[in-house]
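Chemist: Whenever a hint applies, use it, and build me the whole structure from the sequences.
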Amino acid sequence: MSAMLLPKDKWPEFTGRLAGKNLFAPALQGGIKKFAPVAAGDTVTLDEGNTTVPPKALLFPQTETLFRFAEGEEGMELPAIDEAAVLLGVRPCDARAMAIVDKLFRWDYEDPYYLKRRELATIIGLACSEPCLNCFCTSVGGGPASTEGLDILMVDLGESYLLEGLTDKGQALLDEFKDLLQEAGADALQRKEQLAQEAAAKIKRSVDTAGIPEALPGLWEDPLWQRVSAACLGCGICTYLCPTCHCFDIQDEVEGAAGRRCRMWDSCMYAEYTKHTSGHNPRPTRRERTRNRINHKYSYYVDKFGVIACVGCGRCSNLCPVNIDLIDILRQVKAAP
Amino acid sequence: MKNQGNPYIPHTATIVDTWYETGGERCIKTFKVVFDDPAVRESWSHRPGQCAMIGVLGVGESMISISSSPTEEGYLRFSVMKAGKVTTALHQLEAGDKMTVRGPYGNSFPVEEWKGKKILTIGGGIGQAPLRPIVEYVKANMKDYAGLTMIYGARTSGDLCFKNEFAEAAKCEGVCCHLSIDVAEEGWPHYVGFVPSLLMEVSPSPENTIAITCGPPIMIRFVLENLKKLNFADEQIYTTLENRMKCGIGKCGRCNAGHLYVCKDGPVFSYAQLKNVPEAFA
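Protein chains in written order, with our numbering: chain L, 1 to 337; chain W, 1001 to 1282.
What the hints contain is simulated information worked out from the structure, not anything from laboratory work. Take the hints with a grain of salt, since some may be wrong.
Unchecked claim - Okay, derived cross-link-like pairs now, DSSO-like style, lysine-lysine, Cα gap no bigger than 27 Å in a straight line:
{"no.": "1", "chain 1": "W", "residue 1": "K1275", "chain 2": "L", "residue 2": "K304"}
{"no.": "2", "chain 1": "W", "residue 1": "K1029", "chain 2": "L", "residue 2": "K275"}
{"no.": "3", "chain 1": "W", "residue 1": "K1139", "chain 2": "L", "residue 2": "K275"}
{"no.": "4", "chain 1": "W", "residue 1": "K1029", "chain 2": "W", "residue 2": "K1098"}
{"no.": "5", "chain 1": "W", "residue 1": "K1163", "chain 2": "W", "residue 2": "K1082"}
Note that the coordinates shown come from a computational prediction; the quantities given were computed from them, not determined experimentally.
Modeler: If you want it as structure tokens, here you go:
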């Protein structure tokens, strides 16, 4: 694996050539920052902050076809997932989220749709220099220059970008750009460490997560769940745009004599999510649903996969229309008897 | 070992026989199905207690317990209550029609561990469907077990599933059947009352016995209480849970009861596993 420098004057050529590889990068689309396809000739600008829609949407689309079927036809037609892609400018928290979600989609029954897209994607991360309002990645095992889930880590050194190959896939991509890159010296790597430390020091929000997974089972009936869910509207944004939320619904769509079975994002914050056909609902109110959301991320996932299913990106707190704040919930969990 | 292939693609199966177990708005219909692909017929194997996603293309899928025992070879049986969109579409199917099946999913009753023991099933309504494979399995391997007692009830005699099978089973050596209905009917020769009360009436000894219960949540709650009164240990009591499911393979998220996924960790649980999971009986 190598560490290379990309002088900034080579950036247009670098991204121009990447554009031929089915490139996605952060862009404003309809006023929302998300990963969008980059065409040859497009300018790619990596500014501060993160996308509103996490890059999970490229690996686990909001709606996707599982298979198609038609009346009178034997068998089912599978969608082709065969196009390699490069994701440029993924923040370390969102890449960590992919590594966390990988565990679920690889567990026992492999999910061929997600895993195929994951395999075909090369993830180029961008280390953070300025935290957003509610970033708290350093509280949950991440950091501004964390490499988990990435193939290449990119660090803005001012006059150039440092590009570190982290996986064979990432290294192979870097090898294709040798003509634009120079070997990075020890000073560049030192500068990277220094920048990462400075960025981490700027993160204002934190919570000590030690002991939370162990404490949660004992807080099942604690009044905190009523308190923290009282304002909830059940809109589900905290889950839809969470980079580790992976729950989905499966529905059939039919038009004429043909149809498709598709899956789409679903949310544990919705009543329908767990409602039985009989009308009985094991999680009848937002109190139970909020409790499940926090337990799933901070207890059940830890039980099953050994890691907290939260990367501290702050989206749930940023986007909640009634200002429910995950860090506040976690602090209440810590403070509960 | 990893499960290979695309787990979301169902197999097609043809319904070879179908009949109604009960009548009414929420009637229960039993389907006997055979896979269309001979290779699937060959490779399919399930254990008592497992479930399958059955469905109709264009409508959807539901997780239904496989109500036939692996000892009943050559077909699968499902008993389905007409309740929602998918089950209503399934009820419209007749012999010769196709449905889709994928699975089998979940864990199963530990029938090997239970060898040498007396098996006691306590069912209510459609809850007898997941218990049927254990009943049939034990009946087919009677020499391995110390006896089989079945307690089963429903609201009315018309709501009892597998009536003929109970009558047949009662004739077998080592098998005891106790039936109940909630309110008296003319000519009803068996118990009148709720299943938990019938359990106390029968008053089975916990000695060398495994009790398995399935039915409406309220029934399960009182059956568990009564089994404790009869001195059954938590490890001697089993139940099979259900929750709304979409994928059946531990991905879609919704079927968890606390940290347990009903589809993967269940549906079969001992009371020892569940008693500290508050959501299990929610």
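Chemist: Taking the hints in turn, state whether each one holds.
Modeler: Hint check results:
{"no.": "1", "hint": "W:K1275 x L:K304", "result": "holds, 19 Å"}
{"no.": "2", "hint": "W:K1029 x L:K275", "result": "holds, 23 Å"}
{"no.": "3", "hint": "W:K1139 x L:K275", "result": "violated, 36 Å"}
{"no.": "4", "hint": "W:K1029 x W:K1098", "result": "holds, 15 Å"}
{"no.": "5", "hint": "W:K1163 x W:K1082", "result": "holds, 19 Å"}
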